[in-house]
Amino acid sequence: MFKTGIDDKKLLRAFLEEAEELLDKLGSALLELEKNQQSAELIHEVFRLTHSIKSESALVGFANLSEVAHKIEDLFEMIKSGQRILDKPLMDRILAGSDLITEMIARISRGESDADIDASSFIAELEALAGRPPSTAARPSPRWEAVEETAVSFSPFETVQIQEARERGEPLYRLTYRVAAEEPMKYSRAYLVFSNLEMLASVIKTVPDMAEAAEDDNLYGRVSVFLTGPLSEAEILKACDVDQIEGLELSTLRYPSASTASTPKGEGQEARAPEAEQARRANGDQASEEPKVEREPAKAAIERSSIRVETRKLNDLWQLMGELVICKAHLAKLQETYEEKAQSGQLKEELESTVDFLGRISSGIQQAMMETRMVPISVLFNKFPRLVRDLSRKLGKEVELKLFGEDTEIDRSIIEVLSDPLTHIIRNSLDHGIEPVAERLRKGKRGGGAITMSAHQRGGKIVIEIDDDGHGLDVEKIRAKAGAGLEVSDEEVIKNIFKPGFSTKDEVTELSGRGVGMDVVATRIKEDLKGEVLLQSRKDQGMHLTILLPLTLTILHSLVVRGGGSYFAIPIRDIDETLKVSADAGGKLDHPEGALKLLRLDALLAGSPSSEGSGKEESYGVIIQQKGRRVCLLVDELVNEEDVVIKPIDDILNIKGLFSGVSVLGDGRMLFILDTARIMEVLP
Amino acid sequence: MLRKYVGFSLDKGRYAIPVDSVVQIIRYEQITAVPTAPAYVKGVMNMRGEVIPIITIRERFGLPDLEPTRKNRIIVISCQNKSYGLLVDSVRELIELEEQEIEEAATASLGLKAQLVHGIAKVGADLLLVLDIDQILASA
Numbered sequence: 001m002f003k004t005g006i007d008d009k010k011l012l013r014a015f016l017e018e019a020e021e022l023l024d025k026l027g028s029a030l031l032e033l034e035k036n037q038q039s040a041e042l043i044h045e046v047f048r049l050t051h052s053i054k055s056e057s058a059l060v061g062f063a064n065l066s067e068v069a070h071k072i073e074d075l076f077e078m079i080k081s082g083q084r085i086l087d088k089p090l091m092d093r094i095l096a097g098s099d100l101i102t103e104m105i106a107r108i109s110r111g112e113s114d115a116d117i118d119a120s121s122f123i124a125e126l127e128a129l130a131g132r133p134p135s136t137a138a139r140p141s142p143r144w145e146a147v148e149e150t151a152v153s154f155s156p157f158e159t160v161q162i163q164e165a166r167e168r169g170e171p172l173y174r175l176t177y178r179v180a181a182e183e184p185m186k187y188s189r190a191y192l193v194f195s196n197l198e199m200l201a202s203v204i205k206t207v208p209d210m211a212e213a214a215e216d217d218n219l220y221g222r223v224s225v226f227l228t229g230p231l232s233e234a235e236i237l238k239a240c241d242v243d244q245i246e247g248l249e250l251s252t253l254r255y256p257s258a259s260t261a262s263t264p265k266g267e268g269q270e271a272r273a274p275e276a277e278q279a280r281r282a283n284g285d286q287a288s289e290e291p292k293v294e295r296e297p298a299k300a301a302i303e304r305s306s307i308r309v310e311t312r313k314l315n316d317l318w319q320l321m322g323e324l325v326i327c328k329a330h331l332a333k334l335q336e337t338y339e340e341k342a343q344s345g346q347l348k349e350e351l352e353s354t355v356d357f358l359g360r361i362s363s364g365i366q367q368a369m370m371e372t373r374m375v376p377i378s379v380l381f382n383k384f385p386r387l388v389r390d391l392s393r394k395l396g397k398e399v400e401l402k403l404f405g406e407d408t409e410i411d412r413s414i415i416e417v418l419s420d421p422l423t424h425i426i427r428n429s430l431d432h433g434i435e436p437v438a439e440r441l442r443k444g445k446r447g448g449g450a451i452t453m454s455a456h457q458r459g460g461k462i463v464i465e466i467d468d469d470g471h472g473l474d475v476e477k478i479r480a481k482a483g484a485g486l487e488v489s490d491e492e493v494i495k496n497i498f499k500p501g502f503s504t505k506d507e508v509t510e511l512s513g514r515g516v517g518m519d520v521v522a523t524r525i526k527e528d529l530k531g532e533v534l535l536q537s538r539k540d541q542g543m544h545l546t547i548l549l550p551l552t553l554t555i556l557h558s559l560v561v562r563g564g565g566s567y568f569a570i571p572i573r574d575i576d577e578t579l580k581v582s583a584d585a586g587g588k589l590d591h592p593e594g595a596l597k598l599l600r601l602d603a604l605l606a607g608s609p610s611s612e613g614s615g616k617e618e619s620y621g622v623i624i625q626q627k628g629r630r631v632c633l634l635v636d637e638l639v640n641e642e643d644v645v646i647k648p649i650d651d652i653l654n655i656k657g658l659f660s661g662v663s664v665l666g667d668g669r670m671l672f673i674l675d676t677a678r679i680m681e682v683l684p
Numbered sequence: 001m002l003r004k005y006v007g008f009s010l011d012k013g014r015y016a017i018p019v020d021s022v023v024q025i026i027r028y029e030q031i032t033a034v035p036t037a038p039a040y041v042k043g044v045m046n047m048r049g050e051v052i053p054i055i056t057i058r059e060r061f062g063l064p065d066l067e068p069t070r071k072n073r074i075i076v077i078s079c080q081n082k083s084y085g086l087l088v089d090s091v092r093e094l095i096e097l098e099e100q101e102i103e104e105a106a107t108a109s110l111g112l113k114a115q116l117v118h119g120i121a122k123v124g125a126d127l128l129l130v131l132d133i134d135q136i137l138a139s140a
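Sequences listed follow chains E and G, in order.
In this text, residue positions in the first sequence follow our numbering: the first is 1, and each later residue adds one.
In this text, residue positions in the second sequence follow our numbering: the first is 1, and each later residue adds one.
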């Protein structure tokens, strides 16, 4: 089905993009919902998301996937209409369903088929859950309240109606009434009130829905009506003057709004019928219906103001932007040359101001382009609540995850690489850091542990901090394992856990394994992301991990040098110092911090590391350091410091792997970016 | 099936590659030599922000290596989403060939370069070597 269903790769790609976004949203909505099971807004959100997944996947022919989404959607339809209560077992099944969907989409993105996963038992299970008749009779009456609250959410159309009413300056009312218990024809009685109201005002919504024919008369024992209109409370109450109708509660609701000025908020609160107010308090339902309406319009506005763009197109633009910067630099150079020769003052000035203007435009574009590459870190953070929830259950621990600074923007390419290391850190905290409840209580801590993840931008760096309140690192164990003496400071001892193969956990666990740990994290962050990791730990108080990352990976602050006729960029962060070296220095450089090996860069690249001069009187030395090793590279010229835009280098240009990329100079010449770590590796 | 090919020359020999792999044909301009690169990589060129390797197949076909001039052409080829520049003497023509016009090359006569050649076609009195782009880039 997969093979024949989709021959259009583009369609598939679009589907996967869409699906992944929907899944992300579904994941966070479900977690929120778990915490707040009565939220009508969240129930509606999940319903909407599963509905989208169902239709999108059916469109491209993934029937199995579509079926699973459909079953969840059905369940939420029932929850929405109050026919089912969302309880814990149901929530677990729904989460399992979302896992199933995730797995199917992962398979599809690997080019496999969703049909490979057997979802039949799950589907049957959900069908059974959905098929259970609405047990209104068995439900204790106080629960009515809860059911009704769950069911209130406004559709986009209803939201628009509400907005329009607000703009007309009409109040928004909620009227609740009961039909006397002895009345057999509840629907008809309830309908009388409804139809009276319809003649007077605009009824936005009724719960349960009056527009649909009565299936079960008992459902209409209690009805809530949301209505707007230019009428007073007295007029509304008058319309409800129908036999067998009792328990009238009328309240004026606050409008969801950005500008409170035009809403009847103040008078509404005063106008609230005292008995209604009382009823609300008794229910402990503190204005819970207001937030429900609140978000919809705002969300719609956000969706309208952004569009989806293929990454490839952004990359193309990025490339062109790079060209523009190069072209501008070239023009500036020409201008300099011209100025040396030019006689005419006016022409000179005009040229100068034009080049300046172009410079401003191009840096403006560069800035704007940079921003298109940035995504909020919530994209990454959002997967952790689920991870923490599942793992802590598995480990029998209680852990709360707090996220801060989720709107911090970070380069898309960094997000991709950062995902694994962060996952590892969080797993480590859960597995090794946070103690089991009993142990925590013994130590006088709260039974539930906490992990905090936060992100913010400081200077030119992104700072990600992860805290846990577990038992911290066992510094003495690490000290013993590392064979470090007592004279070594704790801080130094801790650094050992970033060394390859270092692990102190005695048993191998399913979660963290053995030996593969923080060293992998440190390596990825340092090498792939050019970042730093700092770790602090206090016994029984927890650990504090700081990750510093560059804002973007595509621009590198470098020293441009010339050697053997080619130009190279050396990352500034790897350079200790630069100096003049005389031709007769031999193979060694005397340096206050110890003698250094001297290597000619061009010779090193040619594969015959030597320090033989190129016949010149003197050359320049660039002392680079990596992983504690230092070496002095000899080059012909130190050109300048420059922020170079890194472009990937093709393998056939990089047989020895000594370059980490290539860049283009202002005059169009290529620049090879030296991979200093690799250079250290190939040193004789 | 009728397919189109771009015909080019290296010294006196005539060669062709399928037109669908060709992105554009440009006049040779100064390229940057790449330290550590093998001999068949003549250098790199900056094309609309993409840094593309310029390769030559002269050596592979037993021809002497020449320093390129403005008379040379670079055929920009796209292969698996990456671009390469193929340095040639000149681009001669766009020709259409039926699949059956391309005969399997007698591998013995071609020796080492056999795998680079998809087949041989007769065009007038000349022999045209139809090259296999993937093989050329793979062996490169």
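Calculated from the structure, these hints are not laboratory results.
Hints may contain errors.
As the list claims (entries may be wrong) - Once the Cα atoms are required to be at most 20 Å apart in a straight line, the calculated DMTMM-like pairs of lysine to aspartate or glutamate come out as:
(1) G:K4 <-> G:E29
(2) G:K82 <-> E:D316
(3) E:K383 <-> E:E170
(4) G:K82 <-> E:D651
(5) G:K82 <-> E:E323
(6) G:K82 <-> E:E350
(7) E:K588 <-> E:D636
(8) E:K383 <-> E:D316
(9) G:K4 <-> G:D20
(10) E:K333 <-> E:D316
(11) E:K9 <-> E:E21
(12) E:K313 <-> G:E59
(13) E:K328 <-> E:E310
(14) G:K82 <-> E:D650
(15) E:K530 <-> E:D474
(16) E:K328 <-> G:E99
(17) E:K647 <-> G:D20
(18) E:K394 <-> E:D92
(19) E:K647 <-> E:E618
(20) E:K205 <-> E:E182
(21) G:K71 <-> G:E99
Against the structure, the hints:
1. G:K4 <-> G:E29: Violated, because 27 Å separates the two Cα atoms, which is more than 20 Å.
2. G:K82 <-> E:D316: holds (13 Å)
3. E:K383 <-> E:E170: violated (42 Å)
4. G:K82 <-> E:D651: holds (11 Å)
5. G:K82 <-> E:E323: Since the Cα atoms of K82 of chain G and E323 of chain E sit roughly 18 Å apart, the hinted pair holds (cutoff 20 Å).
6. G:K82 <-> E:E350: Roughly 42 Å between the alpha carbons, so the hint for K82 of chain G and E350 of chain E is violated.
7. E:K588 <-> E:D636: holds (17 Å)
8. E:K383 <-> E:D316: Not OK: K383 of chain E and D316 of chain E at ~30 Å, beyond 20 Å, violated.
9. G:K4 <-> G:D20: Holds: K4 of chain G and D20 of chain G sit about 8 Å apart, inside 20 Å.
10. E:K333 <-> E:D316: This hinted pair is violated, its Cα atoms lying about 26 Å apart.
11. E:K9 <-> E:E21: Since the Cα atoms of K9 of chain E and E21 of chain E sit roughly 18 Å apart, the hinted pair holds (cutoff 20 Å).
12. E:K313 <-> G:E59: Between K313 of chain E and E59 of chain G the Cα gap is close to 38 Å, so the pair fails against 20 Å, i.e. violated.
13. E:K328 <-> E:E310: Roughly 27 Å between the alpha carbons, so the hint for K328 of chain E and E310 of chain E is violated.
14. G:K82 <-> E:D650: Status holds; Cα separation ~9 Å.
15. E:K530 <-> E:D474: violated (28 Å)
16. E:K328 <-> G:E99: violated (49 Å)
17. E:K647 <-> G:D20: violated (26 Å)
18. E:K394 <-> E:D92: holds (14 Å)
19. E:K647 <-> E:E618: violated (32 Å)
20. E:K205 <-> E:E182: Violated: K205 of chain E and E182 of chain E sit about 26 Å apart, past 20 Å.
21. G:K71 <-> G:E99: At roughly 32 Å apart (the allowed maximum being 20 Å), E99 of chain G and K71 of chain G break the hint.
In this structure, the hints that do not hold are numbers 1, 3, 6, 8, 10, 12, 13, 15, 16, 17, 19, 20, 21, in rising order.
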